Amino acid sequence: MPMTITEKILAAHAGKEQVVPGELINARVDFVLGNDITAPVAIKEFEKIGVPDVFDRERVTLVPDHFTPNKDIKSAEQAMLVKQFSKKHNLANYFEVGRMGIEHCLLPEQGLVGPGDLVTGADSHTCTYGALGAFSTGVGSTDLAAAMALGETWLKVPESIKFEFAGVLKPWVGGKDLILYTIGDIGVDGALYQAMEFTGPAIENLSMDGRFTMCNMAIEAGGKNGIIAPDEITRTYVEGRCKRSYQFYQSDPDAKYDKVIHYDASRIEPQVAFPHLPENSRPVSEAGNVEIDQVVIGSCTNGRIEDLREAAKLLQGRKVHKNVRMVIFPGTQEIYLQALREGLIEIFVESGGAVSTPTCGPCLGGHMGILAKGERAVATTNRNFVGRMGHPESEVYLANPAVAAASAILGRIAGPGEVE
Amino acid sequence: MELLQGKTWKFGADVDTDAIIPARYLNTSDPAELAKHCMEDADPAFPARVKPGDVIVAGKNFGCGSSREHAPIAIKAAGVSCVIAKTFARIFYRNAFNIGLPIFESPEAAEGISEGDVVTVDAGTGTITNNTTGKKYRATPVPPFMQQIIAAGGLINYVAERMKK
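Listed in order, the protein sequences are those of chains A and B. Under the numbering used here, the first residue of the first sequence is numbered 1, with each subsequent residue one higher. Under the numbering used here, the first residue of the second sequence is numbered 1, with each subsequent residue one higher.
Keep in mind that the hints were calculated from the coordinates and are not lab data. Check the hints yourself; a few may be wrong.
No more than 20 Å apart at the CA atoms, straight line, and that leaves these computed lysine to any residue pairs for SDA-like [said to hold, decoys possible]:
#1 B:LYS36 - A:HIS391
#2 B:LYS165 - A:LEU150
#3 B:LYS164 - A:GLU58
#4 B:LYS36 - B:PHE46
#5 A:LYS156 - B:PRO143
#6 A:LYS373 - B:LYS86
#7 B:LYS86 - A:LYS162
#8 B:LYS86 - B:ASP117
#9 A:LYS243 - A:GLU58
#10 A:LYS162 - A:LYS48
Just so you know, these numbers come straight off a predicted model, no measurement behind them.
Start from the sequences, fold in the hints, and give me the full structure.
Okay, structure coming up:
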């Protein structure tokens, strides 16, 4: 029977010839992860199971990236728990601040996850790795604890929705715009429990960084996973990088989908998602006059080198508006260093922006850029829920790095075309 | 199986995990601390006024957003006996079962129950009775495998038993 890429990966990890949507399977996991917020709960649960060790010290990683560099004493204690557990179980990978990056930028970069993998992580944006052609999904802390002990997890095989993006993208349009447009179309539960498979010429021509951005936000449509079939762009990215062997899976041409949705990507403009749901997206040209107080560029969604290059292109030789604070978060130390070598950091600082060490910080209202009552931010992050970046009466507008940079310059939500 | 009974608190669609427990309180995983801020950004009065046994009734996609297990933990520690919603976001759905917070999917109950109604839920059969109006609803059945997790007393007990074999 024909299968989708998601079904093939799940079948392979369940030791089955084939699986069908709705089927419950026990699947082997290739890699599991947690962070300084979810891991402390997972560690407590893991210890209740009563096994001496994790299933494989090479395949469990706890990344202290959310409230680090530690923002207060309680956060420091949570990060310490993560460090102690990593030491006690001799985990092959532990990333202390200075080597640490935002987990979903860091793990692919370090070659710890790859095509064909089955990954579960106690972080909802674990779906990011679907960009590599992996099945990757977010779970809670207790599920992480069970997977750390067993090396397997139970999953319900999802139905798949196929999204076909035809056409060539307009200037300044990227993965962020395609995914915001998609969520705007199907809604924040439009893919509830389902696999979102992104296909078509616009995806085939999308860079690896753009693909990560798209799959990262599958969860914002309720999706179980986002996935893109691996190709030469994927191969170039993973070759010499992946620490384990990997496998390329493709959907069969006659695989069954719950639905197939076609978009003409050449008509999609840079998008802005208005408060307080990612589905409230509209073209930036229809944003109206929205004055802003803060711009955040970074996160697991848009903290990669291409994102920084895009922002720098507009910020070069220009200044951040006097009423705006702009904070930039490279996703990893390697991305930071690359940005430094390319002169991007200099551009950001000269424009009047603040550049931070990698952290999830402001994206979830943790630290390093919290909004006061009534303040508004344009952010390249993934969620604009009530209170997401600070005060419950503050507002977050989601956009791509170019829109964020243009908005920083003009002090209001603006398209890149307005400053070019 | 037990009967869950309480007064209902009604919320709308797409209640996200930041509304259930804002990230500014996630520097601890202590259930009692989390309970103090449960649903705070959706209804600031909730943490102080919720009573043991009370029931949350909500629209579609309850618990969307973050994977934080602190969300069902906060609800459970606040004394809420169960959550009834039109639909649940998938990570929240798993988390609730894993930590032992009873949840029931019933679009009809989510529509038909009004704020302040007293409801009784038979966790075994999934029958929801609105004591205020006398109406009865049936929740979507829980998959057999998840019933095994519930019977074992949560995922960790289930896994611990499996590891012993």
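Practice problem: Check each numbered hint from earlier against the structure, then list the numbers of those it violates in ascending order. | Solution: 3, 6, 7, 10
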